[in-house]
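Just so we're aligned: 29 in UniProt numbering is position 29 of the sequence shown, and the numbers increase by one with no gaps anywhere.
None of these hints come from the bench; they were simulated from the model.
Check the hints yourself; a few may be wrong.
To be verified - List of simulated lysine-lysine pairs, BS3-like, C-alpha gap at most 27 Å:
{"no.": "1", "residue 1": "Lys55", "residue 2": "Lys33"}
{"no.": "2", "residue 1": "Lys29", "residue 2": "Lys55"}
{"no.": "3", "residue 1": "Lys29", "residue 2": "Lys11"}
{"no.": "4", "residue 1": "Lys67", "residue 2": "Lys29"}
{"no.": "5", "residue 1": "Lys5", "residue 2": "Lys53"}
{"no.": "6", "residue 1": "Lys11", "residue 2": "Lys47"}
{"no.": "7", "residue 1": "Lys52", "residue 2": "Lys35"}
{"no.": "8", "residue 1": "Lys47", "residue 2": "Lys21"}
{"no.": "9", "residue 1": "Lys35", "residue 2": "Lys67"}
{"no.": "10", "residue 1": "Lys47", "residue 2": "Lys5"}
{"no.": "11", "residue 1": "Lys55", "residue 2": "Lys35"}
{"no.": "12", "residue 1": "Lys11", "residue 2": "Lys53"}
{"no.": "13", "residue 1": "Lys53", "residue 2": "Lys29"}
{"no.": "14", "residue 1": "Lys29", "residue 2": "Lys5"}
{"no.": "15", "residue 1": "Lys5", "residue 2": "Lys55"}
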Amino acid sequence: KKNIKRLLTEKQLAVWDYLQKADRATPRKISEKTKVVYPTVRQAIDKLIRLKKIKRIGQGRSTSYRKL
């Protein structure tokens, strides 16, 4: 589990840290809480999904993400 820190940039790590604390969150909420710009949050989410660390819940405007 510590290896994930070596795979992520500082901003991606901020997104990961927030998702570990939140039950679930939208990309906009993550951006607001971490002060990471929205496009970077989206990129971090995509990477975390590929790493099988988070999963998508819902679709469209109501899409949120949670830690696996």
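Proposed proximity, lysine 53 with lysine 11 (alpha carbon, max 27 Å): holds, 16 Å
Hinted pair lysine 53 and lysine 29, Cα distance within 27 Å: holds, 18 Å
Distance restraint between lysine 29 and lysine 55, which requires alpha-carbon spacing of 27 Å or less: holds, 16 Å
27 Å Cα cutoff - pair lysine 5, lysine 55: holds, 18 Å
Straight-line alpha-carbon gap lysine 47 to lysine 5, limit 27 Å: Measuring from Cα to Cα gives roughly 13 Å; hence the hint holds.
Holds or violated: lysine 52 to lysine 35, with C-alpha atoms at most 27 Å apart: Holds: lysine 52 and lysine 35 sit about 24 Å apart, inside 27 Å.
Given hint lysine 5 paired with lysine 29 - CA-CA distance at most 27 Å: holds, 22 Å
Hinted pair lysine 67 and lysine 29, Cα distance within 27 Å: OK: lysine 67 and lysine 29 at ~15 Å, within 27 Å.
Pairwise hint evaluation, lysine 47 against lysine 11, where the allowed Cα distance is 27 Å at most: holds, 12 Å
Pair hint outcome, lysine 29 versus lysine 11 [Cα-Cα no greater than 27 Å]: holds, 15 Å
Pair hint outcome, lysine 55 versus lysine 35 [Cα-Cα no greater than 27 Å]: Holds. Lysine 55 to lysine 35 sits at ~22 Å (cutoff 27 Å).
Pairwise hint evaluation, lysine 33 against lysine 55, where the allowed Cα distance is 27 Å at most: holds, 19 Å
Against the hints set out earlier in the document, no violation occurs for any number.
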